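Protein chains in written order, with numbering that gives the first Met the number 0: chain A, 0 to 103; chain B, 0 to 281.
These are calculated hints, taken from the structure and not from any lab test.
All figures in this text were calculated on a predicted structure; none of them were measured in a lab.
Among the hints, erroneous ones may be present.
Said to hold, decoys possible - Over 10 angstroms on every C-beta distance to chain B, these chain A residues come out as not near it, computed from the model:
(1) T40
(2) R42
(3) H97
Claimed, not checked - Output of the computed footprint for chain B on chain A, the stretches with three or more beta carbons under 8 angstroms from beta carbons of chain B:
(4) 19-29
(5) 32-39
We put the beta carbon where it would ideally sit given N, CA and C, even for glycine.
Listed below, chain by chain, are the residues.
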Amino acid sequence: MIPSSSKKKKEICKENSIYVRNPKIAQRRVDDSVFLIDPDTDRVFYLDALSFGIWNLLEKPIRMNDAVNIVQQAFPGTSSGKIARDVSTLMNRMHRRHLVLTGA
Amino acid sequence: MLASVDHINFAGLAHPVAFINSESLYPYLQTIMRDWVINRIEPDDARPPVITIQKTEAGFERRSNWLSNPAVFSDPVDAACDMIVDLIHAYVANHKDMLCLHCAAVEFNQGLVVFPNAYRAGKSTLSLKLVESGGRLFTDDVLPISNQGDAGLALGILPRLRLPLPDQISSNFAKFVENRCGSQNDRYLYVRLDLSDQAALGTTAPIRGITILQREKNAEPQLSEIKKSTVVKDMILRNFARQKPGLEIVDRLYSIVEKAACYRLQYDNLEQASNLLKEVFG
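The following block holds chain A by itself, in its conformation from the complex:
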């Protein structure tokens, strides 16, 4: 299914949902940091290291649980529960800000 944006503020990302970058969002890389710019609102978002990692994963459509698994491999010493929570929080936040789109 083609991903679509949602305006529901508190929608919880589901692990089987597919996520992908909103193609409207522009990005600028400076050093090892990334700034995202939403042309509709002119808001600018700064990505820290973990957010940038997730943003990279979202270049192609990806399921939440696949993203969690990839991050888990990068941080084997961190509990899977914490990684799932952190990734979910980030994806939700990006989704609420229309940086990513989601589809079932």
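Once you've looked at the hints, dock chain B against the given chain A.
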């Protein structure tokens, strides 16, 4: 009693300011906005006032497009000082191609160095200390960025110090300030700089350095290079001219940061800070 209503034009702004029984503010504004041509004009329906200030029992009450509620100040220095914030908003609104940074900026031998605003970092006091040491002030608070070459532009508005002055300032610096006392009240003091110490309205200079201030008690004085991304992030927060698309703003700020030497200055007192900055920027 008949209200006295004046429409006052600030050269460079598209719309005048209406002063209602508030002519006692004129001397303050004329002094603080050192280089601005300010004159009374006939009311013109095509140019309605963009700011209105009225003397009421509570004080000087100001309304403007940039205030959600009227601002009221009983002290004329506070009223003039706060009104300048609106005048700068009006200036930015009339110059849609400009960015406008909340920062101080001082010209050294090597060029203009910007000090982005940080809470109580002492940018005004440090700026004046740098002027006392031979620098030329562009601003202690707001720096428009011209769309031509992204140069910093001086606004010709006098710097303002918070009172009381820090205890540890040198006697020379204290004298420097004392000899230039302008409008003041119990909280603020405007410092009357002349054209050799403060660039005239409209003067431009390319930005050669950006220094983020970090004042800490007993800190070892240190000027260290920092990542451009940290500075871009900070500059995005300091820019309050948002009439251009977000992407263009980020690109312009990045272009400025890319060409500038970027530092973090950790310091405890003005002498340390001034010496370190002079070593690097001349």
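Hints violated by the structure (numbers, ascending) | 1 and 2
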